[in-house]
Structure formats: C-alpha cells, structure tokens
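Position 180 of the sequence shown, counting from 1, maps to 180 under UniProt numbering, and the rest follow consecutively.
Read the hints as simulated data drawn from the structure, not as lab findings. Careful, some of the hints might be misleading.
Pair ranges (Cβ atoms, derived) [unchecked claim]:
(1) R336 with V286: 37 to 45 Å
(2) K224 with Q283: 51 to 59 Å
(3) D228 with A280: 47 to 55 Å
Computed from a predicted model, the values in this text were never measured in an experiment. Positions of the beta carbon are idealized from the N, C-alpha and C atoms, including for glycine.
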Amino acid sequence: MGVALVATPLTACSQFYSQSPQPQGTAQTGSSPAAGGGGGTLDAAKSRGRLACGVSGTLPGFSYVDQAGKYSGLDVDICRAIAAALFDDLNAVDFRNLNAKERFTALQAGEVDILSRNTTWTMSRDTSVGLEFLPVTFYDGQGVMVKKSAGTKDLKGLQGKAVCMETGTTTEQNFADQMRKIGVKYTPLVFEDANAVYAAYEQGRCQAVSTDRSGLVSRRTTLKNPQDNIILDALLSKEPLTPAVKNGDSRWFDAVKWTIFGLIEAEELGINSQNIDQFAKSQDPVVKRLLGTEGNLGQGAGLPNDFVARAVRKVGNYGEIYNRNLGPGTPFNLPRGQNDIWEKGGLHYAPPFR
Numbered sequence: 001m002g003v004a005l006v007a008t009p010l011t012a013c014s015q016f017y018s019q020s021p022q023p024q025g026t027a028q029t030g031s032s033p034a035a036g037g038g039g040g041t042l043d044a045a046k047s048r049g050r051l052a053c054g055v056s057g058t059l060p061g062f063s064y065v066d067q068a069g070k071y072s073g074l075d076v077d078i079c080r081a082i083a084a085a086l087f088d089d090l091n092a093v094d095f096r097n098l099n100a101k102e103r104f105t106a107l108q109a110g111e112v113d114i115l116s117r118n119t120t121w122t123m124s125r126d127t128s129v130g131l132e133f134l135p136v137t138f139y140d141g142q143g144v145m146v147k148k149s150a151g152t153k154d155l156k157g158l159q160g161k162a163v164c165m166e167t168g169t170t171t172e173q174n175f176a177d178q179m180r181k182i183g184v185k186y187t188p189l190v191f192e193d194a195n196a197v198y199a200a201y202e203q204g205r206c207q208a209v210s211t212d213r214s215g216l217v218s219r220r221t222t223l224k225n226p227q228d229n230i231i232l233d234a235l236l237s238k239e240p241l242t243p244a245v246k247n248g249d250s251r252w253f254d255a256v257k258w259t260i261f262g263l264i265e266a267e268e269l270g271i272n273s274q275n276i277d278q279f280a281k282s283q284d285p286v287v288k289r290l291l292g293t294e295g296n297l298g299q300g301a302g303l304p305n306d307f308v309a310r311a312v313r314k315v316g317n318y319g320e321i322y323n324r325n326l327g328p329g330t331p332f333n334l335p336r337g338q339n340d341i342w343e344k345g346g347l348h349y350a351p352p353f354r
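Generate the whole structure from the sequences, applying the supplied hints.
Here it is, written out as structure tokens:
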C-alpha cells in the first residue's frame, strides 16, 4: 500500500465524538434486542430508541474501543450515521464486540440490528448464510505481512513456513487457493480471535500473517515494533467490505442501504458537516430531495425525510468519515484510491435520489 505508519494508537480526534460520552452498552449473549413484534427490525429499533451494532472492537481505523470504552473507526461511524438518521442522535447506538466466528450467528439471532464489522460480501454468504449485504463501505484485498528480518519478498518465500490466520473468515480459502496455484506448501495456524493471531505472530509461532490489507495496516500499528514488519506487494483476492443485515427484512434493508448511499451522494454533491446549513437553502432539486427539504423520499424508506441531512450534519459525509478514521492525520494515512467517489476515479457510486 505504500503507507507510512507510526506506532501510536488511533484516537478519536473529531468534533463528532465530543458531543457526549459514548455509550458502552452492548447486547447480552442470548438476548435479542434487535427482535421485537412483527414489524421487523426498523420498528423494533424505533421502539427501542437505540441501534444495536455488531463490530470488531479490535481493529484500529475500522472499529476499536479504547481503555476508556470509547469506540472509533469507519465501521463505527457507519452505525453512528444510521443512528443519526433514525433518531437525530449519533450516540443512540450500542456496540457489541463480535469475533469473526460468532458475528453471523449474532446477526441471525437478532442480537444486533446490523453487522458493521469488516465483512467481505461473497456469494455464499449472500445466498446460504442468510445475510443481506449493504453498499460497500471499503474496497479491499487480502495481503500478507512478514517480519522484515526474514527477507521474504513474495509468496514463494513462504515455502515451508507457518502462516497465522483467523478462522471463520474468507482468509483461509483465499490463501489456500493462491498457494495451491503457485505450488507453495505451508502450515496454516488458525485462531478464533484476531488478538490471538497477532500474539502468535509476535511470538514467532508463525512467520507470516494473512488477512485483508487494511487489517494488516491497522494491526501493524499495535505491534511492539511496527517498523520491523512489512506487507508484501502480493494481492490475493478482492475483498469488498460491507455492513450486513438479516435476510428477509426489506424495510430495514432499504432504510440502512439508502442511509449509506446518502453519505456517498452527499460527498459527490460537495455537502459536508460544515456547509450543510448553506446547502439546506439550495434551490437545486437534486440537493433538496437528498436533504429532505422537498419531496417525501425518506417516508418511502420508513425514515424521516431529512434522514440524510441528519446523518451528514452529525457524522459527516463518506469522505469525512474516511479521512477522519483512515486518511491524513491518522496513523494509517491510507490514500483513497478505489475508495474515492466515482468522479475521482474510485468505485463509490450512489443511485439517484429521486
């Protein structure tokens, strides 16, 4: 990725996180806060007055909880934007930390309303696991990190080496496919918890670790000596990371889907948290429909007509969310690249709000 990293923890430095203390409440195992009545998740969340969001909690830049119990990251801010759209309150969300193995079960059981946890959209998960995938929030690809001292330059250099990975992810199959393709034999060491993966790597139990490149960039900052680890140039897969909701709940799917598209559309139109009040006076019909000053688009999705305006005002457009968590001024400084809007050569594109 050509990213310069520093060994400092990611901290929330935005005005958005200083409005009030962040809630630490999480859904309890075995409970079903997302379930409720026969009206589906949207009605249940409205009745509850809070959003239940499943996250990782261990991945700086995406979803990370610090020692004070405050959450930050791109995945976290997506949930805050949804809460703002629903309740006009970015803090009306309870986060639940879920590992890769338990995340889908928790969503299917109704223990969370939405999974916003660096999850790859695949066909089998879409059709067999019972998930509905939302718009992609981060385009990624699988990579490999090794110790700089090992002198490993490419995947063939992993011949006979042990490679650490997290179970319950797309990582294992992707890696096995690539190694089989190039005829490299290796020893997989899999763990149910990401912390265990990187602990084993630092202890020297494996000579490499593989996951999404964004995850490698993120977790490298938490290692004892980040500069002693390098991410190989090899890209093993396509990994479109996206939030997900339970299958069969179209009203909730539509509400969340169009909130995320609204963040992207706002960036395309140049509307951000700082200038939204000026845009609210615009006579441009496209802007008026997006911000809910004209028409009833929100009502059709079970949302207030100004749902996008609420989300952007409280949390920011997609570009603001990206830059706050992953862009310049963060330990990652990840260039937008394919995560830019389509007019700037990226892949983010929102359907028309009409």
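To see whether the hints hold, each was checked on the structure:
1. R336 with V286: 37 to 45 Å: Between R336 and V286, where Cβ atoms are some 23 Å apart, the hint is violated.
2. K224 with Q283: 51 to 59 Å: Distance hint for K224, Q283 holds at roughly 57 Å.
3. D228 with A280: 47 to 55 Å: Holds - the Cβ-Cβ distance for D228 and A280, about 50 Å, lies within 47 to 55 Å.
Consistency with the previously given hints fails for number 1 only.
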